[in-house]
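Could you put the whole structure together from the sequences, leaning on the hints where they help?
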Amino acid sequence: MRLEHKKKYLQIALNSSFSEAREILFNLPVSDRILIEAGTPLIKSEGANVIREIKFLKPYSYIVADLKIMNLAKKEVILAKKNGADAVVCLGFAPIETIDEFIRLCEEYQMDSMLDMMSVKNSLLVLKKLKKPPNVVILHRGADETENREKLIPYYQIKQIQGALNNVLISVAGGDELSEIRSAIFNGVDILILWKAFYHPGAEISVLANKFLKEIQ
Amino acid sequence: MLNKKLTYLQIAFNRSLLEAQKMIVILPVSGRILIEAGTSLIKQYGVQSIIALNQFWTIRLGKPGYIVADMKCMDRGAREVRIAKSAGASAITCLAIAPIETINYFLEHCKKEKIDSMLDMMNIQFPFEILQQLRVKPDIIVLHRGLEEYQGSKKSLPIDQIAQIKRVYSPLISVAGGEDFKEVRHSVFNGADIAVVWQKFAQKPLATAETAFEFLKEIK
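Those sequence lines, one after another, are chains A and B. Going letter by letter, the first sequence gives residues 9 to 225 in the numbering used here. Going letter by letter, the second sequence gives residues 90 to 309 in the numbering used here.
Derived by calculation from the structure, the hints in this document are not laboratory data. Misleading hints may appear alongside valid ones.
Once the Cα atoms are required to be at most 27 Å apart in a straight line, the calculated BS3-like pairs of lysine-lysine come out as [said to hold, decoys possible]:
hint, chain 1, residue 1, chain 2, residue 2
1, A, LYS139, B, LYS243
2, A, LYS83, B, LYS243
3, B, LYS306, A, LYS137
4, A, LYS129, B, LYS244
5, B, LYS293, A, LYS83
6, A, LYS129, B, LYS226
7, B, LYS174, A, LYS204
8, B, LYS226, A, LYS159
9, B, LYS93, A, LYS83
10, B, LYS244, A, LYS136
11, A, LYS82, B, LYS289
12, A, LYS83, B, LYS226
13, B, LYS244, A, LYS137
14, B, LYS244, A, LYS139
15, B, LYS93, B, LYS306
16, B, LYS243, A, LYS140
These numbers come from a predicted model, not from an experiment.
Below you can see the structure in the form of structure tokens.
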């Protein structure tokens, strides 16, 4: 795994159009603690080639391909690899056979495997069924779910998973408010995924990124 | 848009656009064939894949055909519907494992954009638990056995659920993941309206026309 256990990372999800994403990338500060995500809607709009374009603009960056794999793991892992991704995302709700195959292929192709637990009630139950754990577990509240105030990110699961599995990093997505970010950090998150603050380009992107990097130090 | 009295063959394309073009131009001219831009194809080429398949099939049919965008929407329901609609899709899929909020946004936006909604029940044990929570019901329910599920544990197709769902709701039922002629015949016999196939076509792309004829005969 390319990511270090002792470091805390900020993952910036690019979900708007590619022209906007390009501007955002130009304004991002250089830091090995920033991971760049090619978001699912961006990939579905532009195609996986967008991963390569991001790599071209930020050659030394760590790129996450948020493919949200549900089926045909081999095809999609190879697609991410061919386009230069460093990590790829599979859904925790996918059939166990698909997740096992996904993790095995990520290892074979030397990419980090990220398992997105969106909609999964008990992440540990899924993780215990797997032949091998993924490199990263993502605790995720979807963008459409954020309007439902009753749906909270299960921060308590961070320690649960870290306690049960040694070498797994925990990532949190879907909590973009400052109070939520602080809760994630307080509970020991390794990677903080944000998108709202980085949805539209602007001069303040660099300041924001530095601010969030300071928060999760 | 689909006729409830007919049964349809949905052919999914998951590899390259070039191959898809070569296969579509030799398909039989039939309104009972639906063309699917598979999830992998969409992730590879983006919306361009939907636009291209739409063009190939329109040219072959001599009129606009029915194009399914297998987006497997999991989040941002409204956005993904808009993406598919703008590319000319006739139907779009959403995963039933998605948050209920996403499925509701998805279904409402499908109605608004006048595009058929397909809810993919892959890895859902009890479809009714999901269906009961929805404000709007999907036009088509997809009962789906994934490729790895079949290869790994030889899981059977959830055909028994067709009649159960049809007894309560009246959507069209699509069955995906049953790839041989026997399974397709079995699905249709049990009330499926759409049979989704791809492997047989992918194995022998040059025999696309013959394979399609065979399948159409099975689902008469």
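Status of each hint after checking the structure:
| no. | hint | result |
| --- | --- | --- |
| 1 | A:LYS139 <-> B:LYS243 | holds (18 Å) |
| 2 | A:LYS83 <-> B:LYS243 | holds (20 Å) |
| 3 | B:LYS306 <-> A:LYS137 | violated (42 Å) |
| 4 | A:LYS129 <-> B:LYS244 | holds (24 Å) |
| 5 | B:LYS293 <-> A:LYS83 | holds (18 Å) |
| 6 | A:LYS129 <-> B:LYS226 | holds (24 Å) |
| 7 | B:LYS174 <-> A:LYS204 | holds (25 Å) |
| 8 | B:LYS226 <-> A:LYS159 | holds (23 Å) |
| 9 | B:LYS93 <-> A:LYS83 | violated (34 Å) |
| 10 | B:LYS244 <-> A:LYS136 | holds (21 Å) |
| 11 | A:LYS82 <-> B:LYS289 | holds (18 Å) |
| 12 | A:LYS83 <-> B:LYS226 | violated (32 Å) |
| 13 | B:LYS244 <-> A:LYS137 | holds (17 Å) |
| 14 | B:LYS244 <-> A:LYS139 | holds (19 Å) |
| 15 | B:LYS93 <-> B:LYS306 | holds (18 Å) |
| 16 | B:LYS243 <-> A:LYS140 | holds (21 Å) |
Checked against the numbered hints given earlier, this structure breaks hints 3, 9 and 12; the rest are met.
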